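S.K.: Okay, here's what each chain looks like letter by letter:
There are 2 protein chains.
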Amino acid sequence: MTELTQSSDVPAQIEFWFDFGSNYSHISAMRIEQTAAKRGVSIIWKPFLLGPIFKALGWDTSPFVIYEAMGAYMWKDMVRQCAKYGVPWRQPSAFPRLSVLPLRVALVGVDRPWIGDYCRAIMRRNFVEDRDIHTPEAVGEVLGALGLPAGDLIARAQSEPVKLKLRENTGAAQTLGVFGAPTFFARGEMFWGNDRLDDALDFAAGAPDF
Amino acid sequence: MTELTQSSDVPAQIEFWFDFGSNYSHISAMRIEQTAAKRGVSIIWKPFLLGPIFKALGWDTSPFVIYEAMGAYMWKDMVRQCAKYGVPWRQPSAFPRLSVLPLRVALVGVDRPWIGDYCRAIMRRNFVEDRDIHTPEAVGEVLGALGLPAGDLIARAQSEPVKLKLRENTGAAQTLGVFGAPTFFARGEMFWGNDRLDDALDFAAGAPDF
Numbered sequence: 001m002t003e004l005t006q007s008s009d010v011p012a013q014i015e016f017w018f019d020f021g022s023n024y025s026h027i028s029a030m031r032i033e034q035t036a037a038k039r040g041v042s043i044i045w046k047p048f049l050l051g052p053i054f055k056a057l058g059w060d061t062s063p064f065v066i067y068e069a070m071g072a073y074m075w076k077d078m079v080r081q082c083a084k085y086g087v088p089w090r091q092p093s094a095f096p097r098l099s100v101l102p103l104r105v106a107l108v109g110v111d112r113p114w115i116g117d118y119c120r121a122i123m124r125r126n127f128v129e130d131r132d133i134h135t136p137e138a139v140g141e142v143l144g145a146l147g148l149p150a151g152d153l154i155a156r157a158q159s160e161p162v163k164l165k166l167r168e169n170t171g172a173a174q175t176l177g178v179f180g181a182p183t184f185f186a187r188g189e190m191f192w193g194n195d196r197l198d199d200a201l202d203f204a205a206g207a208p209d210f
Numbered sequence: 001m002t003e004l005t006q007s008s009d010v011p012a013q014i015e016f017w018f019d020f021g022s023n024y025s026h027i028s029a030m031r032i033e034q035t036a037a038k039r040g041v042s043i044i045w046k047p048f049l050l051g052p053i054f055k056a057l058g059w060d061t062s063p064f065v066i067y068e069a070m071g072a073y074m075w076k077d078m079v080r081q082c083a084k085y086g087v088p089w090r091q092p093s094a095f096p097r098l099s100v101l102p103l104r105v106a107l108v109g110v111d112r113p114w115i116g117d118y119c120r121a122i123m124r125r126n127f128v129e130d131r132d133i134h135t136p137e138a139v140g141e142v143l144g145a146l147g148l149p150a151g152d153l154i155a156r157a158q159s160e161p162v163k164l165k166l167r168e169n170t171g172a173a174q175t176l177g178v179f180g181a182p183t184f185f186a187r188g189e190m191f192w193g194n195d196r197l198d199d200a201l202d203f204a205a206g207a208p209d210f
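Taken in sequence, the protein lines are chains A and B. Here the first sequence is numbered in my numbering, starting from 1 and rising by one per residue. Here the second sequence is numbered in my numbering, starting from 1 and rising by one per residue.
Straight-line distance between alpha carbons at most 30 Å, and here's what the computed DSSO-like set of lysine-lysine pairs gives: (1) Lys55/A <-> Lys55/B; (2) Lys38/B <-> Lys76/A; (3) Lys76/B <-> Lys55/B; (4) Lys55/B <-> Lys76/A; (5) Lys84/A <-> Lys76/B; (6) Lys38/A <-> Lys84/A; (7) Lys84/B <-> Lys38/B; (8) Lys84/B <-> Lys38/A; (9) Lys84/B <-> Lys84/A; (10) Lys55/B <-> Lys163/B; (11) Lys165/A <-> Lys55/A; (12) Lys55/B <-> Lys165/B; (13) Lys55/A <-> Lys76/B; (14) Lys76/B <-> Lys38/A; (15) Lys76/A <-> Lys55/A; (16) Lys55/A <-> Lys163/A; (17) Lys76/B <-> Lys76/A; (18) Lys38/B <-> Lys84/A.
Just so you know, the hints here were simulated from the structure itself, not pulled from any lab data. Here the structure is a predicted model, which is why all the values come from computation and not from measurement.
Can you build the whole structure from these sequences, using the hints too?
M.R.: Below, the structure written as structure tokens:
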């Protein structure tokens with residue numbers, strides 16, 4: 001007796017774990033849709049809060065703020081990396097910026113066709129226009145500019161199920177061993193940092209195991 | 001009246017700041033001579049101690065030991081990165097290994113033609129053979145296998161001027177803003193991590209500023 005087995009031809013997918021306050025997530029957010037499409041990889045957007053992850057590591061803010069030498073270097077590295085990838089960049093005057101509301105809106109849109117445009121627009125506001133992203137006004141402006149119903153989406157973003165979902169994503173990140181952003185998962189393997197985006201996509205697209 | 005000005009055609013150089021206990025320094029040590037030679041860049045070897053740098057950041061050992069999730073990820077990343085660069089690798093059973101004596105010997109050989117072979121041999125012992133590197137016996141075996149006068153070199157490595165030089169390099173690293181290894185300097189710019197070795201070499205070889 002033979003049983004039908006499920007096909008192993010699962011679609012090529014990558015999970016993109018990000019926080020809008022994270023500068024290296026900015027580079028990945030700007031690149032990922034185009035780069036993934038070239039390899040036929042679809043994206044599972046995973047907004048989460050870095051803050052609680054950092055707190056669990058004993059940090060009450062970004063390590064780039066706590067460790068001054070690391071932060072000073074990071075700002076120089078960002079200029080070079082953004083130039084290398086052709087990503088627009090301006091060093092923000094506030095860092096890390098609060099990101100709870102725009103992350104909640106991202107959760108509302110996580111399966112919608114506008115998710116990529118929305119994420120890039122929020123990142124651009126933070127890391128190119130150097131403007132706050134956490135107020136309803138800020139998020140409303142971004143949504144309005146994309147032709148989306150800002151009032152409705154923000155109301156849903158502030159509902160209990162969405163608030164809970166952001167806490168769940170953050171807890172799941174911690175359980176998965178995430179300690180920074182961006183982090184990618186492909187075929188069950190974790191890849192940390194924008195520096196590993198191409199490796200992660202190659203692996204998602206079926207590159208042989210290491 | 002005109003004055004002769006010094007030529008701006010300074011030779012292309014890169015400073016390679018490393019510690020034999022540092023796993024990502026292993027990858028760079030294995031790659032740097034060949035990769036730099038392709039671009040006509042010469043290497044200034046800068047052995048230093050990561051321990052005091054970490055202590056100043058409030059860490060009493062490697063952050064890969066302190067932050068477990070980061071460490072667990074790093075060991076997976078090392079397998080992939082070494083495969084990507086064709087660098088031999090075995091996860092060491094002790095980490096980070098003591099490295100003072102082999103670093104002092106590196107300081108003795110810093111301008112000698114054997115420095116590259118020596119550094120690769122020490123790294124190989126730590127990160128491929130999984131053997132201690134800090135005893136006179138360990139360093140002596142490595143030097144002997146390279147056909148070098150082990151007794152003489154180890155005696156010089158343990159002299160006061162060389163001990164002082166290692167402290168000086170470590171202090172200089174801190175002053176320069178180094179917070180990890182490997183770190184590279186090219187044309188006055190700092191580049192952190194094996195992930196930035198190619199960027200640093202391109203910059204050393206005259207790539208336009210960012």
